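Novice: Here the protein sequences line up with chains A and B, keeping their order. Residue numbers for the first sequence follow full-length UniProt numbering, so the first one is 1 and each next one is one higher. Residue numbers for the second sequence follow full-length UniProt numbering, so the first one is 1 and each next one is one higher.
These are calculated hints, taken from the structure and not from any lab test.
Computed footprint of chain B on chain A; a stretch qualifies when at least three of its residues, placed anywhere within it, have a C-beta under 8 Å from a C-beta of chain B: (1) 158-167; (2) 223-231; (3) 238-249; (4) 254-268; (5) 275-281; (6) 290-296.
Below, in silico cross-link-like pairs of lysine-lysine (BS3-like), each with a Cα-Cα straight-line distance of 25 Å or less: (7) Lys205/B <-> Lys337/B; (8) Lys292/A <-> Lys300/B; (9) Lys292/A <-> Lys296/B; (10) Lys256/B <-> Lys217/A; (11) Lys256/A <-> Lys217/B.
All values reported here derive from a predicted model rather than from experimental measurement. For each residue, glycine too, the CB sits at the ideal point set by N, CA and C.
Protein chains: 2
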Amino acid sequence: MSEALIQIGVVGCADIARKVSRAINLSPNATICAVASRNYDKAAAFAAANGYPLTAKVYGNYEALLEDPDVDAVYMPLPTSLHLKWAVLAAQNKKHLLLEKPVALDIAEFDEIVGACEENGVQFMDNTMWVHNPRTAKMAQFFNDPHRFGQLKSVRTCFTFAADSEYLKKDIRVKPDLDAHGSLGDAGWYCIRAILLAANYELPKTVIASREPVLNKDGVILDCGASLYWEDGKVATFHCSFLANLTMDITAIGTKGTLHVHDFIIPYEENEASFHFGTETSFDDLVTCWSKQPVKCTVKTNLPQEALLVTEFARLVGEIKFRNSKPEKKWPIVSRKTQLVLNAVKSSIHRGFEPVQIEE
Amino acid sequence: MSEALIQIGVVGCADIARKVSRAINLSPNATICAVASRNYDKAAAFAAANGYPLTAKVYGNYEALLEDPDVDAVYMPLPTSLHLKWAVLAAQNKKHLLLEKPVALDIAEFDEIVGACEENGVQFMDNTMWVHNPRTAKMAQFFNDPHRFGQLKSVRTCFTFAADSEYLKKDIRVKPDLDAHGSLGDAGWYCIRAILLAANYELPKTVIASREPVLNKDGVILDCGASLYWEDGKVATFHCSFLANLTMDITAIGTKGTLHVHDFIIPYEENEASFHFGTETSFDDLVTCWSKQPVKCTVKTNLPQEALLVTEFARLVGEIKFRNSKPEKKWPIVSRKTQLVLNAVKSSIHRGFEPVQIEE
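With the sequences and hints as input, model every part of the structure.
Specialist: Following this line, the structure appears as structure tokens:
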């Protein structure tokens, strides 16, 4: 017997909500039941432009949607500085929460949001889409394979894109009162998550920001980087920027293997994604070429990664709603680790690039 | 009228000399005329094993080869700590000098070696083979193209390989009295050169070593890294190691373009080499895939890169010998820049990872 679809309400009509709305429409176990904006007409136009079901309700304020008893869960693409208020209210209204990243301004806020979800028995997930691509599971298998990858020694990630002048003037990600983490919260969030993936989610011990980050006139980070150190000698570096050509790489090197990927956040193609990996790659006898080269692994997917995220989120919500399961803790756990590293990088920048210890 | 081949003497029978001997044999404008070892039998066996011309003379000491008037130029694969003595003596004997890297223990030694070459009017070149691959010229064109690459913003390089226990015990690169720079001098030399290539050979202003380098019991570096900073905000990082799987990457990001290469030092194949580059790469409207992806550029070569190096070296020697040209200065200049950065990284390690200023 098939179960009812999970009813998702969209709280805010940000640009990214177009992509997630399509993803909800594509997901076999979820549907959009409502949308809210601070402006009713904007919400109605958004619903019409994004193929919402005719049954979807339109609200001119967030509270009304959060109080709607038909809404099981919400997707919340609001600016970070608004998360504390609205995410907590959503949890208090027993709405499962798919929250846009970065989750919070600091770890205290993070804990308040996730604490509210725990108290109210609702699922928390941040909207980091690429980890739901089946390629990521294949990459994780490689990282966890002692024969093919060995122990991680170093990992380098980057996410840069060349924002246009309009973006650099007006986007929420350059506004201190909206997404105050700037490129660190936006692009850096993914870099940090990728590093944690390669490290099997072991937190680094120490974080040191790179010198000479670029800030805008309001002090929001446009370009920065950091080095992360673990007690066993693992090292990671990342670089995130709004000021350089679109690039997103992971190079992870273990004692026995290496992984390369160049499109880890948004795959080149929607329906398949690749990475290169090599195990005990080697030269020929005279060191004039490679006797063992990395090979390409391509993973196909029927649904785009953002629809797989929604499907997984809705599955967990369904487990809670229909089977009395508890919320899955792994999502808030990896999200919290990402937030901890992010805030440590920011602290290091503010302390003049001093080492900052990470404490769980 | 064809000119006589440049007569090259090989000073030392290190393992790497096998590869370079083949390269000289492959070069259309050079030939091996002599080989020297501290042990005559070893030199004779080396000549026999490496296809030397029957006319090649065999010497049981380095001095005799350096005094042989038939020798135009020498290839010197001796450990770094022996370079000062033997490279200077070669120059004083008017032998053009192809010297194994790293060139010197410090910049004072470097200047003494290159100064001796200048005083004696002989060509100096270090044995950095990959820069002679025609792929490297194509990469340089990309880096220098304001429309395809723009201004360099960041570049990350690495060269790691998993040395076996025998190497880690006995190789000259782990011995403080032989190649005292360890992995920094060996693998790091290439990483630094690649960074300089991407930066159009502009020296960084400041170098900061990564924390937690790995040293062996004699204090030789097995694994280290650094960040390099330029005044205009460019940033570079590199990582070099004897303790991780074979990997060699460049990721260079400009304001308009990105370059990726995974085999920059030793190409996967001898007869062709590739890199990926993208200009103004971008997403589709919904940010679900890329509307403009990087493309692959493959460059074929009839001779392996080490033979192209020998050919270029012998060409310059021929220009001097037959046409009274002056030695080409670009090779000692880029070599010196590499040495300056290398020694700055080492200073930063010794000063507890403090920033070290680079002064030309």
